[in-house]
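Undergrad: In order, the protein sequence lines correspond to chains A and B. Under my numbering, the first residue of the first sequence is numbered 1, with each subsequent residue one higher. Under my numbering, the first residue of the second sequence is numbered 1, with each subsequent residue one higher.
These are calculated hints, taken from the structure and not from any lab test. Glycine residues also receive a C-beta, built at the ideal position from the N, C-alpha and C atoms. Be a bit skeptical, because a hint or two may be false.
[Claimed, not checked] Sample of chain B residues facing chain A (criterion: CB under 7 Å; computed from the structure):
| hint | residue |
| --- | --- |
| 1 | A12 |
| 2 | A46 |
| 3 | R78 |
| 4 | P81 |
| 5 | L167 |
[Stated by the list, open to error] Only pairs whose alpha carbons sit at most 30 Å apart, straight line, appear in this in silico BS3-like list of lysine-lysine:
| hint | chain 1 | residue 1 | chain 2 | residue 2 |
| --- | --- | --- | --- | --- |
| 6 | B | K63 | A | K90 |
| 7 | A | K40 | B | K63 |
| 8 | A | K40 | B | K17 |
| 9 | B | K63 | A | K33 |
| 10 | A | K140 | B | K134 |
| 11 | A | K33 | A | K140 |
| 12 | A | K38 | B | K134 |
| 13 | A | K140 | A | K14 |
| 14 | A | K153 | B | K169 |
| 15 | A | K33 | B | K17 |
| 16 | B | K17 | A | K38 |
| 17 | A | K107 | B | K63 |
| 18 | A | K107 | B | K131 |
| 19 | B | K21 | A | K36 |
| 20 | A | K167 | B | K134 |
| 21 | A | K14 | B | K63 |
| 22 | B | K17 | A | K19 |
| 23 | A | K40 | B | K169 |
| 24 | A | K33 | A | K19 |
| 25 | A | K15 | B | K63 |
| 26 | B | K63 | A | K38 |
| 27 | A | K168 | B | K169 |
| 28 | A | K40 | A | K107 |
| 29 | A | K107 | B | K17 |
| 30 | A | K40 | B | K2 |
| 31 | A | K167 | B | K131 |
| 32 | A | K153 | B | K21 |
| 33 | A | K36 | B | K17 |
| 34 | A | K36 | B | K134 |
| 35 | A | K90 | A | K38 |
| 36 | B | K131 | A | K38 |
| 37 | A | K107 | A | K15 |
| 38 | A | K40 | B | K21 |
| 39 | A | K153 | A | K140 |
| 40 | B | K134 | A | K33 |
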Amino acid sequence: MRKIERSAVIEAVKKTLIKANYELDETLVSFLKRAKDKEKNDLSRSILEDILTNESYAREGFAPLCQDTGIVVVFAEVGTDIRLDFDLYKAIDVGVRQAYDEGYLRKSVVNHPFQRENTQDNTPAIVHTKLVPGDRLTLKLATKGAGSENMSKVVMLTPADGLEGVKKLVLDTVFDAGGRPCPPIIVGIGLGGNFEKSAILAKEAILRDLEDESNDPDIRALERDLLHEINRLGIGPMGVGGDTTCLAVKVNTYPMHIASLPVAINIQCHSARHLEVVL
Amino acid sequence: MKRLTPPLSDDAVSDLKVGDKVFITGTIYTARDQAHLRLIEDDDPAFNLQGSILFYVGPTPAKPGQIIGSSGPTSAYRMDPMSPPLMARGVKAMIGKGDRSDAFRQSMIAHNAVYLIATGGAGALLSSRIKSIKPIMYEDLGPEAIHELYVEDFPCFVAYDVHGNQLFKGGGPREEKK
């Protein structure tokens, strides 16, 4: 049994969240640059230039990438050969509190659906834990803003709706969202499982590497087709029109009930801030 | 490219066309959800609404040595129901992101006002154009308080103009939720 210290978890959560709010992943930057070079609409290209300039300002430490520094989502993959002699959830929240304080990030969490009092430290984080073999603790951390999250949905289709039903639902959802979720977006889709499983699959999907494609040939084809068809909608960066609406579509699947076809669509803005740390 | 210097006249608003890039230099005011709810009930605001520009923003805290943190626009549609009474009192421009309700747009045209967008998710870049900040109303709201900002060459695009044109592609039916 390998022991992991509470202080190591706190430090990792803090450092990773601050870094995620001040610099975008290199692959994402390269996707944005490629989109800017290909974009034919002048206004849309100007917006993509702003997004890239903003990234360089943030990377220099001038200010966080976006003022909506989000609510923290954590996928914790807990190796069964490690020992934790502390409350993992509380340790993550301590890391969040320190990150939002020391990183000059906006506290955007309220306590209650109607009372809506700010918790003042951006806690609690939303933590999903999974047991995995091995002696490592992997934390996949995301700071998710509300602009894109508010455009997401779960729909229970029927098996007869099939592939075409799924495609239509995704295209309608993205079209209806328009410029609100801050395109160019990344679309994470959870197909299967049940009501709540589909939503978690969709969230995991947006955390996948941008270059990653599904191993399942049918799903890989769906990811490619949807990317192409979403970009044909012409919504463009921030909804002003143009060639660049979506940077990637990621579809994660799980077996489901004979009578169900759950579909969750989680939309991620262009400022996709997530990082992984292994302890 | 056009330059705007608030307070805005009716002519300055009429001159703006959808898709124009505009640079604002002068004083603008921050206001978002909670500040709007209070401002529409407030008979004695601490600034002159006539010709004013509102910026929908809730910035990150300023780092030491800086005046403001990341300051990009928030989604404008949430302010749709509260905008008409403020335009009736003279607000001439609003800066946000994303599309808005049809009811908002009709009211905006009737009041000869304009809706501008700034690049969402570009809060670090936009904050570099903010030269001074002063809280002036509702300080208990923290980052949602109304702040007076002095901006230089603050970049925006005209999204809805008074001539009935609009910039956005996509977007479903936009009925206001009552």
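Undergrad: Confirm or reject each hint.
TA: Status of the hints after comparison with the structure:
Because the closest C-beta pair between A12 (chain B) and chain A is about 21 Å apart, greater than 7 Å, the hint is violated. Hint status for A46 (chain B): violated, given a least beta-carbon distance of 23 Å to chain A, over 7 Å. At about 9 Å, the closest approach between the beta carbon of R78 (chain B) and any beta carbon in chain A exceeds 7 Å, and the interface hint on this residue is violated. With its C-beta approaching chain A no nearer than about 17 Å, P81 (chain B) sits outside the 7 Å limit, and its interface hint is violated.
About 5 Å separates the beta-carbon of L167 (chain B) from the nearest beta-carbon of chain A, less than 7 Å, and the hint is met. With a C-alpha separation of about 27 Å, the suggested pair K63 (chain B) and K90 (chain A) falls inside the 30 Å cut-off, and the hint holds. Among the hinted pairs, K40 (chain A) with K63 (chain B) is inconsistent with the structure: their alpha-carbon atoms are about 38 Å apart, more than 30 Å. The straight-line distance between the Cα atoms of K40 (chain A) and K17 (chain B) is roughly 21 Å, inside the 30 Å bound, and the hint therefore holds.
The hinted pair formed by K63 (chain B) and K33 (chain A) meets the criterion: a straight-line CA distance of about 29 Å does not exceed 30 Å. Between K140 (chain A) and K134 (chain B) the CA atoms are separated by roughly 38 Å; this puts the pair beyond 30 Å, and the hint is violated. Simply put, K33 (chain A) and K140 (chain A) have alpha-carbon atoms about 25 Å apart, close enough for the 30 Å limit, and the pair holds. Straight-line distance between C-alpha atoms of K38 (chain A) and K134 (chain B) comes to about 42 Å, which puts the hinted pair past the 30 Å bound.
Pair hint K140 (chain A) plus K14 (chain A) holds up; C-alpha atoms about 13 Å apart against a cutoff of 30 Å. Pair hint K153 (chain A) plus K169 (chain B) holds up; C-alpha atoms about 21 Å apart against a cutoff of 30 Å. The suggested pairing of K33 (chain A) with K17 (chain B) holds, with an alpha-carbon distance near 29 Å, which does not exceed 30 Å. Simply put, K17 (chain B) and K38 (chain A) have alpha-carbon atoms about 26 Å apart, close enough for the 30 Å limit, and the pair holds.
Annotation: proposed proximity of K107 (chain A) to K63 (chain B) holds, straight-line Cα distance about 14 Å (limit 30 Å). Between K107 (chain A) and K131 (chain B) the alpha-carbon distance is near 24 Å, which keeps this suggested pair within the 30 Å criterion. For the hint linking K21 (chain B) to K36 (chain A), the alpha-carbon distance of about 18 Å falls within 30 Å, and the restraint holds. Restraint check: the Cα-Cα separation between K167 (chain A) and K134 (chain B) comes to about 49 Å, which exceeds 30 Å; the hinted pair is violated.
This hinted pair checks out: K14 (chain A) and K63 (chain B) have alpha carbons roughly 17 Å apart, not beyond 30 Å. Proposed proximity of K17 (chain B) and K19 (chain A) is contradicted: the alpha carbons are some 40 Å apart, above 30 Å. Taking the CA atoms of K40 (chain A) and K169 (chain B), the gap is near 15 Å; set against the 30 Å cutoff, the hint holds. Among the hinted pairs, K33 (chain A) with K19 (chain A) is consistent with the structure: their alpha-carbon atoms are about 21 Å apart, no more than 30 Å.
With a C-alpha separation of about 17 Å, the suggested pair K15 (chain A) and K63 (chain B) falls inside the 30 Å cut-off, and the hint holds. For the proposed pair K63 (chain B) and K38 (chain A), the alpha carbon gap of about 36 Å is over 30 Å, so the pair is violated. Straight-line distance between C-alpha atoms of K168 (chain A) and K169 (chain B) comes to about 18 Å, which keeps the hinted pair within the 30 Å bound. Between K40 (chain A) and K107 (chain A), the direct Cα distance comes to roughly 38 Å. Violation of the 30 Å bound is thereby established for this hinted pair.
Of the pairs offered as hints, the one joining K107 (chain A) and K17 (chain B) is violated, with about 37 Å between alpha carbons and a cut-off of 30 Å exceeded. For a cut-off of 30 Å, the pair hint linking K40 (chain A) to K2 (chain B) stands: about 22 Å separates their Cα positions. Proximity of K167 (chain A) to K131 (chain B) is assessed by CA-CA distance (about 47 Å); at most 30 Å being required, the pair is judged violated. With a CA separation close to 34 Å, the supplied pair K153 (chain A) and K21 (chain B) exceeds the 30 Å bound.
Of the pairs offered as hints, the one joining K36 (chain A) and K17 (chain B) holds, with about 24 Å between alpha carbons and a cut-off of 30 Å not exceeded. Between K36 (chain A) and K134 (chain B), the direct Cα distance comes to roughly 36 Å. Violation of the 30 Å bound is thereby established for this hinted pair. Between K90 (chain A) and K38 (chain A) the alpha-carbon distance is near 46 Å, which puts this suggested pair outside the 30 Å criterion. This hinted pair does not check out: K131 (chain B) and K38 (chain A) have alpha carbons roughly 34 Å apart, beyond 30 Å.
The suggested pairing of K107 (chain A) with K15 (chain A) holds, with an alpha-carbon distance near 17 Å, which does not exceed 30 Å. The straight-line distance between the Cα atoms of K40 (chain A) and K21 (chain B) is roughly 17 Å, inside the 30 Å bound, and the hint therefore holds. Between K153 (chain A) and K140 (chain A) the CA atoms are separated by roughly 22 Å; this keeps the pair inside 30 Å, and the hint holds. Restraint check: the Cα-Cα separation between K134 (chain B) and K33 (chain A) comes to about 37 Å, which exceeds 30 Å; the hinted pair is violated.
Of the numbered hints given earlier, the model fails hints 1, 2, 3, 4, 7, 10, 12, 20, 22, 26, 28, 29, 31, 32, 34, 35, 36, 40; all others are met.
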